[in-house]
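So you can see what is in the structure, the chains are spelled out below.
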Amino acid sequence: MEISLEELAQNFNLEFSGIKNKKVSGVATLEKANNTQLSFLANSKYTSQLTKSNAGIVVLSENHSDLFSGNKIITTDPYLAFAKISTLFQESQINYSGIHPTAVIAKTATIGEGVVVGPYTIIGENSNIESDTVLEARVTIGNNCHIGKNCLIKPGVVISSACHIGDRSILHPGCIIGADGFGLARDKDGWIKVPQLGAVNIGDDCEIGANTTIDRGTLDDTVLENDVRLDNQIQIAHNVHIGQHTVMAGCSAVAGSTKIGKNCLIGGGVGVIGHLEVCDNVTLQSMALVTRSIKKPGSYSSVSPLQETSQWRKSAVRIKQLDKIARKLNKLEKEI
Amino acid sequence: MEISLEELAQNFNLEFSGIKNKKVSGVATLEKANNTQLSFLANSKYTSQLTKSNAGIVVLSENHSDLFSGNKIITTDPYLAFAKISTLFQESQINYSGIHPTAVIAKTATIGEGVVVGPYTIIGENSNIESDTVLEARVTIGNNCHIGKNCLIKPGVVISSACHIGDRSILHPGCIIGADGFGLARDKDGWIKVPQLGAVNIGDDCEIGANTTIDRGTLDDTVLENDVRLDNQIQIAHNVHIGQHTVMAGCSAVAGSTKIGKNCLIGGGVGVIGHLEVCDNVTLQSMALVTRSIKKPGSYSSVSPLQETSQWRKSAVRIKQLDKIARKLNKLEKEI
Amino acid sequence: MEISLEELAQNFNLEFSGIKNKKVSGVATLEKANNTQLSFLANSKYTSQLTKSNAGIVVLSENHSDLFSGNKIITTDPYLAFAKISTLFQESQINYSGIHPTAVIAKTATIGEGVVVGPYTIIGENSNIESDTVLEARVTIGNNCHIGKNCLIKPGVVISSACHIGDRSILHPGCIIGADGFGLARDKDGWIKVPQLGAVNIGDDCEIGANTTIDRGTLDDTVLENDVRLDNQIQIAHNVHIGQHTVMAGCSAVAGSTKIGKNCLIGGGVGVIGHLEVCDNVTLQSMALVTRSIKKPGSYSSVSPLQETSQWRKSAVRIKQLDKIARKLNKLEKEI
Numbered sequence: 063m064e065i066s067l068e069e070l071a072q073n074f075n076l077e078f079s080g081i082k083n084k085k086v087s088g089v090a091t092l093e094k095a096n097n098t099q100l101s102f103l104a105n106s107k108y109t110s111q112l113t114k115s116n117a118g119i120v121v122l123s124e125n126h127s128d129l130f131s132g133n134k135i136i137t138t139d140p141y142l143a144f145a146k147i148s149t150l151f152q153e154s155q156i157n158y159s160g161i162h163p164t165a166v167i168a169k170t171a172t173i174g175e176g177v178v179v180g181p182y183t184i185i186g187e188n189s190n191i192e193s194d195t196v197l198e199a200r201v202t203i204g205n206n207c208h209i210g211k212n213c214l215i216k217p218g219v220v221i222s223s224a225c226h227i228g229d230r231s232i233l234h235p236g237c238i239i240g241a242d243g244f245g246l247a248r249d250k251d252g253w254i255k256v257p258q259l260g261a262v263n264i265g266d267d268c269e270i271g272a273n274t275t276i277d278r279g280t281l282d283d284t285v286l287e288n289d290v291r292l293d294n295q296i297q298i299a300h301n302v303h304i305g306q307h308t309v310m311a312g313c314s315a316v317a318g319s320t321k322i323g324k325n326c327l328i329g330g331g332v333g334v335i336g337h338l339e340v341c342d343n344v345t346l347q348s349m350a351l352v353t354r355s356i357k358k359p360g361s362y363s364s365v366s367p368l369q370e371t372s373q374w375r376k377s378a379v380r381i382k383q384l385d386k387i388a389r390k391l392n393k394l395e396k397e398i
Numbered sequence: 063m064e065i066s067l068e069e070l071a072q073n074f075n076l077e078f079s080g081i082k083n084k085k086v087s088g089v090a091t092l093e094k095a096n097n098t099q100l101s102f103l104a105n106s107k108y109t110s111q112l113t114k115s116n117a118g119i120v121v122l123s124e125n126h127s128d129l130f131s132g133n134k135i136i137t138t139d140p141y142l143a144f145a146k147i148s149t150l151f152q153e154s155q156i157n158y159s160g161i162h163p164t165a166v167i168a169k170t171a172t173i174g175e176g177v178v179v180g181p182y183t184i185i186g187e188n189s190n191i192e193s194d195t196v197l198e199a200r201v202t203i204g205n206n207c208h209i210g211k212n213c214l215i216k217p218g219v220v221i222s223s224a225c226h227i228g229d230r231s232i233l234h235p236g237c238i239i240g241a242d243g244f245g246l247a248r249d250k251d252g253w254i255k256v257p258q259l260g261a262v263n264i265g266d267d268c269e270i271g272a273n274t275t276i277d278r279g280t281l282d283d284t285v286l287e288n289d290v291r292l293d294n295q296i297q298i299a300h301n302v303h304i305g306q307h308t309v310m311a312g313c314s315a316v317a318g319s320t321k322i323g324k325n326c327l328i329g330g331g332v333g334v335i336g337h338l339e340v341c342d343n344v345t346l347q348s349m350a351l352v353t354r355s356i357k358k359p360g361s362y363s364s365v366s367p368l369q370e371t372s373q374w375r376k377s378a379v380r381i382k383q384l385d386k387i388a389r390k391l392n393k394l395e396k397e398i
Numbered sequence: 063m064e065i066s067l068e069e070l071a072q073n074f075n076l077e078f079s080g081i082k083n084k085k086v087s088g089v090a091t092l093e094k095a096n097n098t099q100l101s102f103l104a105n106s107k108y109t110s111q112l113t114k115s116n117a118g119i120v121v122l123s124e125n126h127s128d129l130f131s132g133n134k135i136i137t138t139d140p141y142l143a144f145a146k147i148s149t150l151f152q153e154s155q156i157n158y159s160g161i162h163p164t165a166v167i168a169k170t171a172t173i174g175e176g177v178v179v180g181p182y183t184i185i186g187e188n189s190n191i192e193s194d195t196v197l198e199a200r201v202t203i204g205n206n207c208h209i210g211k212n213c214l215i216k217p218g219v220v221i222s223s224a225c226h227i228g229d230r231s232i233l234h235p236g237c238i239i240g241a242d243g244f245g246l247a248r249d250k251d252g253w254i255k256v257p258q259l260g261a262v263n264i265g266d267d268c269e270i271g272a273n274t275t276i277d278r279g280t281l282d283d284t285v286l287e288n289d290v291r292l293d294n295q296i297q298i299a300h301n302v303h304i305g306q307h308t309v310m311a312g313c314s315a316v317a318g319s320t321k322i323g324k325n326c327l328i329g330g331g332v333g334v335i336g337h338l339e340v341c342d343n344v345t346l347q348s349m350a351l352v353t354r355s356i357k358k359p360g361s362y363s364s365v366s367p368l369q370e371t372s373q374w375r376k377s378a379v380r381i382k383q384l385d386k387i388a389r390k391l392n393k394l395e396k397e398i
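Protein chains in written order, with the numbering used here: chain A, 63 to 398; chain B, 63 to 398; chain C, 63 to 398.
Keep in mind that the hints were calculated from the coordinates and are not lab data. Be a bit skeptical, because a hint or two may be false.
Since the list gives no way to pick one copy over another, a pair counts as held whenever it fits inside one copy or between any two copies.
[Unchecked claim] Simulated pairs of lysine-lysine, DSS-like, Cα-Cα distance not exceeding 30 Å:
1. 396 x 382
2. 134 x 85
3. 94 x 390
4. 321 x 211
5. 94 x 396
6. 169 x 386
Remember, it's a predicted structure, so these values are computed and weren't measured experimentally.
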């Protein structure tokens, strides 16, 4: 598809400068863009690439505007503008329409208008898929599920019985929604499995990353509010509740019954133990471990700093001696 | 299904108090239960919900008994009793019986009585599935595998050649049993893959979480003894041996050739490096890293404590200086 | 298959000692090998097993040669020699040849000579699979993909549109290539998804572990150079570039736009944050977190040492007080 500078500015309510009829038909990095492509500068680190860029149009902020003499879109948030513009150049990779002959769909299931059911998809009893949702291929949906409108569910996703997905949500390949929560009670001879009779309830405009797992609740549901965005390889345990607009980066995990507030930013590899409450507007830095409830917005970290291994070994020895070191210091202080 | 207070007490050999014919037909939390539902109190934290609960029957311990005037089951372990009782209310989500027409089963495979083979399941040469096991859908089983009786294997599971699963084991969606262990030898031009000629041997009454991976051994098998319970997203490397009744929480990992004892509790995000031995009855707290064998039962931790990031930065700087700090202190001590 | 001591030595250009016609037909550990099997000793820790072994042939180094009186292959790198020899005893587990009738293949896709397409595999528009590659079962390949020669792609793998895999690469079960990178821009009402218009480009002789995820790039590709070896449960974010011969152990992760050099060894559970550069020949110890670029080859660590929990609690309290401890010490030093 092709679009002009003027049309872009009008569509997204942005200011432009340059030849209004200049057309672009794709997007690229500043470094690689040619004259038929649009690019952007959001990070000052790449300013040198701006001056040398051959991009047909560049999206940038006011303070960088003088560095580029070509066609420009000027905005306070170039990254956001670029995100919106590049959706125009996204091509659907869905090759099918309607219901593929290999799909196995229960007679009691209801499929809305415009739904695409790709090859090898399975839909269980009484499940309902609302209009225009795409089940790309090899999706397995259990009984009594409800999937909202305009969702995109990618290959290999498993959605177990009674789970609910809201509108416009995207589930990336291999994610597992509604596996049993990890409930065990100890009997004299060993472990007894605690049945997990709740489900998973995911809101509108959510995104669940590849191979991420969200377990069903023990009695109540595990809940993700609207606009929650989860990266890959994340583990959400049973009975967890995650607030609106919260984002979690790859490989993070929240243990059972913990409640995470709204607008939280959870870094890669973070762990939050169970039965806690994290308030709104908390940022957890990469690989932090949270072992107590957090009641005050702000940024939190744990993790030792990186050192050359030979230096780290010395620090590690001293970390074990810390209590003695502190006591020795207190004693010396008294003596002085 | 409906069951009375008296029948419940008899079935599970528990003491009751109240109207013996009182019937319940489901389970719920104390907060949400109505008069037709059973609930439980195991954690004193929720005592306030007990006094206000509308539950038809509550399972609780002797010391909470006075706080509830309705129908009660009194036991020393309410959580365990609840686990057993709620299995009565669990409904099977398996819609099929017998062998689905889309299953691809090798002629040399043997399928026991009452086995359910769901849509798109593949079973390889000479593999044997024992009686009453359910392969829910889209399960891929390689050659020469043996799956025991009454197992439940969920969608998307892959069990590679020569692997053995015991009786009554549950494999959650997307788990991978018997992928190649990560064996590499360095040659002058790059890496050479070391063939992994062993398999995986999982005992009876085991549970393997969603998207968990257990690799086959290099020569011998990777082994899980009976009643081992693994949560989601766990990695078990080649040649590992895990003892009876050991439980691992989500995202933990054990590297190659390590032996974990019986009755261990391994927290979320824990890492245990290779070629170690962890004795019986060890608890590893969340995100601990084990780098030496553990010979003494008990609880172990690593991980720095969480701090506000601004405070953490100061601690991080000092952690790097720890050796100097300790030496300075020793020097001062001598001077005094 | 059977092979003699002399033939083995000739095939792999190794020195031997003993009966040249001695035949073996399999491999096993020193402890379990019988007279028809070959074994090896690479680690001095197992020397006691050597003297007692019944193996028909043992591969070992010069300095252990006197400890075994049977048939021997003597080499400077027994583990490497064993890796090469045991490939002779590896049996293919692929039961099919040609294209399985259940495969769903786009008419515009091109399939090379000798390719095996197993049951329930899906191949998209214009995708190309080169000669002798095996798609074992239930593999999903999107549009415009290119898979090289002699690859082995295991069940449940998803390769999304426009991705490229080189020759002789192995993709283990459940790995996901080309899911969307985690790109989000914040608008006033919530998050906007940033389209991910790049792809993934994996070189020759790579290995991608079970349930590992490699995301497509935002504009350019996410790249793995030749001979990169990734274990299970690894997360590679969008726009990452990994150099030749680099190896990553299970559960490690590299965040967006980071560049990892050649010949790096990345331990289990390691995290590398985004927009960094790690030079060649760096070793990252298990569970280290890298938050700054590394410009000097060598070994790096973070992570607190393991302690009994009661001791760890004391260290944890003191870690939080470290800045005060250091300042107090400096003050005392001045007073003295």
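Going down the list of hints, with the structure as the test:
1. 396 x 382: both (24 Å within a copy, 22 Å between copies)
2. 134 x 85: Answer is within; shortest intra-copy Cα gap is 12 Å, inter-copy 73 Å.
3. 94 x 390: neither (61 Å within a copy, 55 Å between copies)
4. 321 x 211: This pair counts as within: shortest intra-copy Cα distance 27 Å, inter-copy 39 Å.
5. 94 x 396: Neither: 66 Å inside a copy, 58 Å across copies.
6. 169 x 386: Answer is neither; intra-copy 71 Å and inter-copy 69 Å both fail.
In this structure, the earlier hints numbered 3, 5 and 6 are contradicted, and the remaining ones agree with it.
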